[in-house]
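Chains as they are written, first to last, in our numbering: chain Y, -1 to 534; chain P, 4 to 317.
If you are wondering where the hints come from, they were derived from the structure by calculation, not from laboratory data. Incorrect hints may appear among the rest.
Below, simulated DSS-like cross-link-like pairs (lysine-lysine); rule was C-alpha separation at most 25 Å, straight line [claimed, not checked]:
#  : chain 1 : residue 1 : chain 2 : residue 2
1  : Y       : K168      : P       : K162
2  : Y       : K300      : P       : K162
3  : Y       : K300      : Y       : K196
4  : Y       : K300      : P       : K172
5  : Y       : K461      : Y       : K449
6  : Y       : K521      : P       : K172
7  : Y       : K449      : Y       : K156
8  : P       : K222      : P       : K309
9  : P       : K74       : Y       : K521
10 : Y       : K521      : P       : K55
Source: prediction; values computed, not measured.
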Amino acid sequence: MKKILALMMCFGLVAGTLAGCGGGKAETTGGDAAAPAVEDTGNEASDDEAAAKEPAGDLITDFGGETIVVALYCNDDSVPGKDRVFGKIKEYYLDTYNINVEFVTSLMGDYTQSVNMMLSSGEQVDIFSSGVMNFSNTVANESTYDLNEGDLLNNYGKDIVELIDPEFLKGCVVNGTLYGIPCMRDLATGMWCVVVDKEYMDGIDYDYSGINMEEVNPATAEDMTELFTQLHEAYPDVNVVYPWNYGYLGQKLAYDAIGGDVFGVLLDPSNSLEVSNLFTSDMFREYCELMYEWQQAGFMSKDAATETQNGGAQVIAGTLIADTTAGKPGIVRQKEAERGGRDAVVFQLGPDFVASSAPVGAAWSINSTTEAPEAAMTVLNDLYTSPVVTNLLLWGEEGVDYVLTESGHCTFPEGVTEQTVEYYNLVWAWMMPCEYPTYVREGDDIDLWEKTIDFNNNAMKSKALGFSFDSSAVSAEYTALTNVWEEYGNSLVFGLIEPEAGIAELNERLEAAGLSTYMDEKKAALEAWAAENGVE
Amino acid sequence: MKQTAKVKRDSRKTLKLVKRFIPVYLMALPGIIYLFINNYMPLPGLVLAFKKYSTKKGIWGSPWVGLKNFKYLFRTQDAWIITRNTLGYNILFIIVNVIMAVSIAIILSELTTRWKKVYQSTILLPHFLSTVIISYLVFAFLSSENGFLNNSIFPLFDKEPIPWYTEPKYWPFILVFVQTWRGVGYNCIVYLSTILGFDREIYEASAIDGASKWQQIRKITLPLLRPTIIMLVLLSVGRIFYSDFGLFYQVPQQSGVLMNVTQTIDTYVYRGLLERNDMPMATAAGVYQSLIGFILVMSANLIVRKIDPDSALF
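Chain Y with its partners taken away, still in its complex shape:
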């Protein structure tokens, strides 16, 4: 009898489990106290839901086995321990709220497409990252649920309200409606960081006095040119610097690409709401000139524009000395990990800055067609704030996949390594809705997350924080402008063409593609937004 029951539960689970999620280890959940509800997985849960819903006004605490599907984007979705750990998370939600949580996973690169497919085909998905899928577009497609409807966030997302600075939450408001919850991680960016491999610096007998090996060191462009000149003399066969492609320009220059694109930006974002053309600015010209100088001096590869390997891989391959990055607390260790454990020194040439699009960058939303918004909000609440859920998701099961050291760090259990552990790297901390409740990995500062929160709070903030732009009225211009920028972007940021002529030509082409029309539209939207929100 027990066997048949288990089989039935198993079947129910498998049927309710969506493609890619796999229900192979479902028995582990089927065996516990919450089992009767499990049989109702799938789409037939509505009866139970009706029964479980208490009269309006009271908050629901037992969701009657409602199924909520969460679409996660991850780093490696073939981790062997995945089903086991998801089973544990499911168990937690069943025990606490009687909600049956299913996960679907896809790799970062496939995420937009697979979630879009689920949204348009009507397949059940209740929680997804609208930020990763381009927030304003997701909102324009009416895929996101109004989180203030029926006071949803205040009733079922209490901990989120407590956790998130209203300033950041405001970033996900479009036309007065809250459509998402910002991902809680480093929202500020340490602009213009240069990561230099230490081995080469040793080779030129660099004077390390005053250099902090654990954190970023402030520096100027002149310092870098000087350092690179020495490095180039000592290692003429190795490329000195790879500043990444034009898509990463926003990690270097502290303009605010309001509305999520570079066509019409705020050049002085903390003081002024004036929309300007980035490409005629001194900031942009000076940057291109510096890159041209570096290219002429031989610091950069002539093939940089067609480079497909990232900076870390080039350093490991021995063809590169330094690359650039966005700074944040713990960046040195992260970059060293990317470089196979090679020591690095990080310099920062710009300020710390929160762009207006940072809060929506990886925001999480509830599907507008969800049948159980209350349950979805409850699940999302714990995905942000529960140490149990977040640590399961990031590290797996305690004692099996990780153990805590005396200092409270997280490390692999004895006899298990990064290669042999069953659950590791499914997601990075920054891929989760919120990284703050998780344990810190051994080697990192134990107060890494406190530092991250301070980093966010102390950074220079854009005045347009909370502005979002629906470009669908000027989508023709947008497509044309994107193509022009792609045509010239890499040539300019890798110093492959003479800046003066190149920038002039770029601006000419952008004008022809409708830059002024596009900027006018953006300006009008920003003014309307500023008036509505009382921003001067």
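Given the structure of chain Y, go ahead and fit chain P onto it with the hints provided.
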């Protein structure tokens, strides 16, 4: 073929014929079902090109917006460049491919060596390579720093290295070369099998009359091959408004400077919509391409029917 030709078209006979071929129809069924599911069922989705899409309301419930989604395809001077590149390259590909494939097929058919199979397989091999791999093979030749041409070949002739990925003028040739190198093996199989099906007696008779090899090729092989050539060309004309995305996106290593000569409709739509992932606009591009393709096939077929009714597709 002979059997069906004998049958007169009265209904009783037709029924009998259908009965007789039931097993054949059954064999075709999976293919027909596949064709229906894959090519016909998504057709209603084309309405998306005329709508403002909302996942909440679904495809049918979304509001109509007329031709707004098509606007971006014609918005700027880029419209001319992408159309020129798409059509120009495809026309070049068709011409070069036909000439090369037919020549190679004829050469292969005339060969008597036992290495014939090896040659044929070698020519066919590139067809099975993924475009990503091909793009790196090309890169291995052309890279400025480590490329084979700049580092090994040019120094032998005291030639200066050429920065291939920043010089647009070479790319029309490179792209045609790569496309032909990859596609010719596959195309020539069709021609080769047709040639091998020709009646050898004609060739023997002409040989007795003293025809040279060259005369045989010109007077016998090519005229017999004409319907096949026309059919294959017509089929490629239908896809003349589509470009081989991998070839134009991957092989130039997405180098911006080259865009003037490498940007086609497909890469333009991809680059422009990658960030926004706007389904109606992408659908609009698809509708536009298939519409033009349909018109071109119909008119090309019409012209062929005027000149040579036997070779027309329909």
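Taking the hints in turn, this is what the structure says about them:
A threshold of 25 Å between alpha carbons decides the hint, and for K168(Y) with K162(P) the separation of about 61 Å lies outside it, so the pair is violated. Between K300(Y) and K162(P) the CA atoms are separated by roughly 18 Å; this keeps the pair inside 25 Å, and the hint holds. A hinted pair counts as satisfied when its Cα atoms are at most 25 Å apart, and K300(Y) with K196(Y) qualifies at roughly 24 Å. The suggested pairing of K300(Y) with K172(P) holds, with an alpha-carbon distance near 18 Å, which does not exceed 25 Å.
Of the pairs offered as hints, the one joining K461(Y) and K449(Y) holds, with about 23 Å between alpha carbons and a cut-off of 25 Å not exceeded. The straight-line distance between the Cα atoms of K521(Y) and K172(P) is roughly 40 Å, outside the 25 Å bound, and the hint therefore fails. Restraint check for K449(Y) and K156(Y): satisfied, since their Cα atoms lie roughly 24 Å apart, inside the 25 Å limit. Straight-line distance between C-alpha atoms of K222(P) and K309(P) comes to about 23 Å, which keeps the hinted pair within the 25 Å bound.
At most 25 Å may separate the alpha-carbon atoms for a hinted pair to count; K74(P) and K521(Y) meet this at roughly 22 Å. Note on K521(Y) and K55(P): the hinted pairing holds, with a Cα-Cα distance of about 24 Å set against a maximum of 25 Å.
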